[in-house]
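Colleague: Each chain, letter by letter, is given below.
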Amino acid sequence: MLANWFDLNNYIAQQLSRQMNAMFEEQAASISAWPPCNMYENAEAVVLTAEVPGFTSDDLTLTVVQDVLTLSGERKPKKVEESVVHRRERQSAVKFSRSFTLPYRVDAGKVEADLKDGVLTVMLPRHPEEQPRSIQISKK
Amino acid sequence: MRTEMQETRKTENQEVEKIENRRTVIPAVDIYENARELWMEVDLPGVREQDVEVNFEKQAIRIAGKVGQPPEGWRRTLREYAPMDYERSFRLPSGLDVAKFHAEFENGVLTLHLPKSAEHQPHKVAINAKK
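Chains as they are written, first to last, in our numbering: chain A, 1 to 140; chain B, 1 to 131.
Treat the hints as calculated values from the structure; they're not laboratory data.
Note that the structure is a prediction, hence the values are computed from the model and not measured.
Incorrect hints may have been included.
[What the hints assert, rightly or not] Derived SDA-like pairs: lysine to any residue, alpha-carbon spacing no greater than 25 Å straight-line:
| hint | chain 1 | residue 1 | chain 2 | residue 2 |
| --- | --- | --- | --- | --- |
| 1 | B | Lys116 | B | Glu57 |
| 2 | A | Lys79 | B | Asn107 |
| 3 | B | Lys100 | B | Ala35 |
| 4 | A | Lys116 | A | Glu82 |
| 5 | A | Lys110 | A | Lys76 |
| 6 | A | Lys79 | B | Ala103 |
| 7 | A | Lys116 | B | Val109 |
| 8 | A | Lys76 | B | Arg23 |
| 9 | A | Lys76 | B | Ala103 |
| 10 | B | Lys66 | A | Lys79 |
| 11 | A | Lys78 | A | Glu89 |
| 12 | B | Lys66 | B | Arg76 |
| 13 | A | Lys116 | B | Lys130 |
| 14 | B | Lys66 | A | Met123 |
| 15 | B | Lys66 | A | Leu115 |
| 16 | A | Lys95 | B | Val109 |
Based on the sequences and whatever the hints tell you, model everything.
Modeller: Okay, here's the thing in structure tokens:
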């Protein structure tokens, strides 16, 4: 066995500092949940991004019920037979499910999801009935 | 020894978008070994294939990847990760066949194959039984 791997950086310390950064820059989010997600919104749409390296689109499921978005995933565990494991830091869980409450009702028929380079991006347009409307004030 | 590189790129709206202070983060790595090779699986979500960089120099392998910008003009309501560039180095053990190193990149995961040189591969020794 060829041992003597020398990690020229310190993974654990780095990971901590990354999470701290995310926490202090804005509100503290639950950082233990997997996959890590970000959500962005404006008046017209909500965007959810999730880091899911190694997952294919067939492994992922998205559902929208009312104002709740659920992202779940399942993949077959990888077969690593007759091998020595020197280091295992990547997410090894093969099954997950996370739900998010959306800030408003979305048009479920127009939701678009795109998986690229291990990042899932879900675009959820606001329901037309919930679009903010400006109301003219009539002069007498 | 290479340590964390904290690269700061100044932008016009630095106060508004703190995320523009680009930093480098260490990607998660799995390392396996079998009789023929060592292989590494590196999570690089958000990196395009052309932005993945692998260098090998002086028995050390360096993996780097640049991540795209987060969407602009949106209010961020949930934040669990900051899109950051990746960089990590390993000193490799001896006994590898450098000329045969090869890599694949799929779904944000880089797989590096590091085959062992011939003299480190197991070969069967025939035992001649005397009768």
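Colleague: Give a verdict on every hint.
Modeller: Each hint, compared with the structure:
1. B/Lys116 x B/Glu57: holds, 17 Å
2. A/Lys79 x B/Asn107: Holds - the C-alpha atoms of B/Asn107 and A/Lys79 are around 18 Å apart, at most 25 Å.
3. B/Lys100 x B/Ala35: Status holds; Cα separation ~15 Å.
4. A/Lys116 x A/Glu82: Roughly 32 Å between the alpha carbons, so the hint for A/Lys116 and A/Glu82 is violated.
5. A/Lys110 x A/Lys76: violated, 30 Å
6. A/Lys79 x B/Ala103: Status holds; Cα separation ~19 Å.
7. A/Lys116 x B/Val109: holds, 11 Å
8. A/Lys76 x B/Arg23: Cα-Cα ~33 Å, so violated.
9. A/Lys76 x B/Ala103: Judged against 25 Å, a Cα distance of about 22 Å means the pair holds.
10. B/Lys66 x A/Lys79: violated, 30 Å
11. A/Lys78 x A/Glu89: holds, 15 Å
12. B/Lys66 x B/Arg76: holds, 22 Å
13. A/Lys116 x B/Lys130: violated, 63 Å
14. B/Lys66 x A/Met123: Given that 25 Å is the threshold and the Cα spacing comes to 23 Å, the pair holds.
15. B/Lys66 x A/Leu115: holds, 18 Å
16. A/Lys95 x B/Val109: Answer holds: A/Lys95 to B/Val109 is near 18 Å, not above 25 Å.
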